[in-house]
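Starting from the structure of chain W, add chain E where the hints point.
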Amino acid sequence: MKIKKTLQNIITNILAWIFSAICLIPLLLILFNSMKDKKAAAEMNLHLPNLPIQLQNYMVVIEKGKLAQSFLNSLLYSTGSVILCVLLASLAAYVLSRNQSKLNKFLYMYLVMGIALPINYVALTKVLMALHLNNTRIGIILLYTAMQLPFMTFLIHGFVAKIPTELDEAAVIDGCGPTRLFFTIILPLLKPAIATAVVLTFLNTWNEFVSPLYFLNSSDMWPMTLSVYNFFGMYFKDWNLVCADILLTSLPVILVYLLGQKYIVAGMTTGAVKG
Amino acid sequence: MQKKNTYPIYFALGALIIYTVLFVLPSIIGIGYSFTDWSSYSDELHFVGLKNFKTVLSADENYMKIIGNTLKFTLITTILKNLIGLILAVVMTKSIKFLNAHRGIMFMPNVLSTLIVGMIFKSILDPVHGLLNNMFRSVGLDMLAKKWLVSSELAFGSVMAVDIWRGVGYIMTILIAGILSISSDYYEASAIDGANGWQKFRYVTLPLLLPTIATTTVLNVIYGLKVFDMVYALTNGGPGKATTEVLYTAVFKRFGTGQYAVGTALSSVMFVIMLIIGGYMIHIMTKDEVVE
Numbered sequence: 001m002k003i004k005k006t007l008q009n010i011i012t013n014i015l016a017w018i019f020s021a022i023c024l025i026p027l028l029l030i031l032f033n034s035m036k037d038k039k040a041a042a043e044m045n046l047h048l049p050n051l052p053i054q055l056q057n058y059m060v061v062i063e064k065g066k067l068a069q070s071f072l073n074s075l076l077y078s079t080g081s082v083i084l085c086v087l088l089a090s091l092a093a094y095v096l097s098r099n100q101s102k103l104n105k106f107l108y109m110y111l112v113m114g115i116a117l118p119i120n121y122v123a124l125t126k127v128l129m130a131l132h133l134n135n136t137r138i139g140i141i142l143l144y145t146a147m148q149l150p151f152m153t154f155l156i157h158g159f160v161a162k163i164p165t166e167l168d169e170a171a172v173i174d175g176c177g178p179t180r181l182f183f184t185i186i187l188p189l190l191k192p193a194i195a196t197a198v199v200l201t202f203l204n205t206w207n208e209f210v211s212p213l214y215f216l217n218s219s220d221m222w223p224m225t226l227s228v229y230n231f232f233g234m235y236f237k238d239w240n241l242v243c244a245d246i247l248l249t250s251l252p253v254i255l256v257y258l259l260g261q262k263y264i265v266a267g268m269t270t271g272a273v274k275g
Numbered sequence: 001m002q003k004k005n006t007y008p009i010y011f012a013l014g015a016l017i018i019y020t021v022l023f024v025l026p027s028i029i030g031i032g033y034s035f036t037d038w039s040s041y042s043d044e045l046h047f048v049g050l051k052n053f054k055t056v057l058s059a060d061e062n063y064m065k066i067i068g069n070t071l072k073f074t075l076i077t078t079i080l081k082n083l084i085g086l087i088l089a090v091v092m093t094k095s096i097k098f099l100n101a102h103r104g105i106m107f108m109p110n111v112l113s114t115l116i117v118g119m120i121f122k123s124i125l126d127p128v129h130g131l132l133n134n135m136f137r138s139v140g141l142d143m144l145a146k147k148w149l150v151s152s153e154l155a156f157g158s159v160m161a162v163d164i165w166r167g168v169g170y171i172m173t174i175l176i177a178g179i180l181s182i183s184s185d186y187y188e189a190s191a192i193d194g195a196n197g198w199q200k201f202r203y204v205t206l207p208l209l210l211p212t213i214a215t216t217t218v219l220n221v222i223y224g225l226k227v228f229d230m231v232y233a234l235t236n237g238g239p240g241k242a243t244t245e246v247l248y249t250a251v252f253k254r255f256g257t258g259q260y261a262v263g264t265a266l267s268s269v270m271f272v273i274m275l276i277i278g279g280y281m282i283h284i285m286t287k288d289e290v291v292e
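Chains as they are written, first to last, in this note's numbering: chain W, 1 to 275; chain E, 1 to 292.
The shape of chain W in the complex, shown without the other chains:
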């Protein structure tokens, strides 16, 4: 019995290492090849880079791929939609959870339905043109906000329900208005949900490229994902440069993932598991 247990233990450990390797190898491939010269990188293998490490690849890419500009664009789109989306989603989730009238219940369902619905990008051009938002940075930020509001509202809605309403009642008796009640009492208590929403909105926006593909014609407004893809089209023979570009584009996402892993997993499993 004991031998069987140990054997089982060894097998599950080996399996875990195999699965992890399958997930990690493609990423190591990018890391290693971003530090090789053009000739070595052309073979795209997993050999460790030869010394000296070709750090100038990163410099070349930042210059040729115009990464500074697209980094700032991505940062602007991400911060813009994080602030707008999380603020509006918390406000909506709060009132729709606290006052569950028939109308509010319907409005909540209507909003959350957007998690499943597809966007009609073709007809969206008509709307964006009518609002003069086509090919503008503010248009992209508003679009990302619209796309993520449904899930973020759903996420925060679940949290609001856990805050006792006695707090609100006490505050109202003390003469606290609705705006102050929300910003000074409710919002601080929503911190864990807000943190999750911030991290998820940031990741989604940073990785998205479909909206810019449809609606941003000028390359100086492109986010990093789109410019790395464009760079790949032009320099597909220089795998060292392509890998360096991929690495620099993914770095913010990987950093946010490592720092905010707890919040990401919490957010992505919300509503999926019934205890």
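Do not rely on the hints blindly, as some may be mistaken.
Sample of chain E residues facing chain W (criterion: CB under 8 Å; computed from the structure) [stated by the list, open to error]:
1) Lys-4
2) Ile-18
3) Tyr-19
4) Val-21
5) Lys-94
6) Lys-97
7) Met-108
8) Leu-144
9) Ala-145
10) Thr-243
11) Ser-267
12) Val-272
13) Met-274
14) Gly-278
Since the hints were derived computationally from the structure, they do not count as laboratory data.
Idealized CB from N, CA, C, for every residue including glycine.
Here is chain E on its own, set in the frame of chain W:
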């Protein structure tokens, strides 16, 4: 306390307006435009009745194949992600050294941009220089070194495989949370009754995990029907005629060639399908929350 005054509805207006104007409105007017000849060639708009839908459903166009591809993609990736995700979740809830590191690594492909995952795998699956084929050749399995993304027989399978590689960690994470939420009482009771490992899985874990599996299935179906990024980055619908074309890449191509009416008709077909699936999803996602 007056709920209407303490929780004013104008708090929700910002979210409702942005969502309605930029998300719902395009879908609604898109249905209207599906009955016209809207294109980039002419400024005039004419009512053409069901012509665009007839084009979409006619046998001599590729659209039926494209719809078929989308359904095939959805079906196969949903089944395999659930199956592999379940195996991973069961393994990753056993006593393993560096458990959290392993889980973290397996989830990682999910946080990378799909576009970037596509580019990485374009290199790995390259027939001549790719890592995968070189690996097969180095161990003498030359016959397994195939033209993964460029042959019309293998391309669709390869795209689905890469998508599964990317998405399975997410499904695993949800299923792990599901397994961990099962009370240990059930396992103790079944141990007293003399159940072995397989029986515990079959008669305790699996039945209690079914609601969670229902959710992952819905999530996978929604993702699969809407898939664009992965196909666009790996094959862009090729090789050959619509081998790996799915609905959303087709919509993007009609957009690029200025055939807006057909593009919006395709989107509208999607909209109606997703409205039904979405309704079901919202039902299972919110039913417990309301009770709270």
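Quick check: which numbered hints come out false for this structure? 8, 9, 10 and 12
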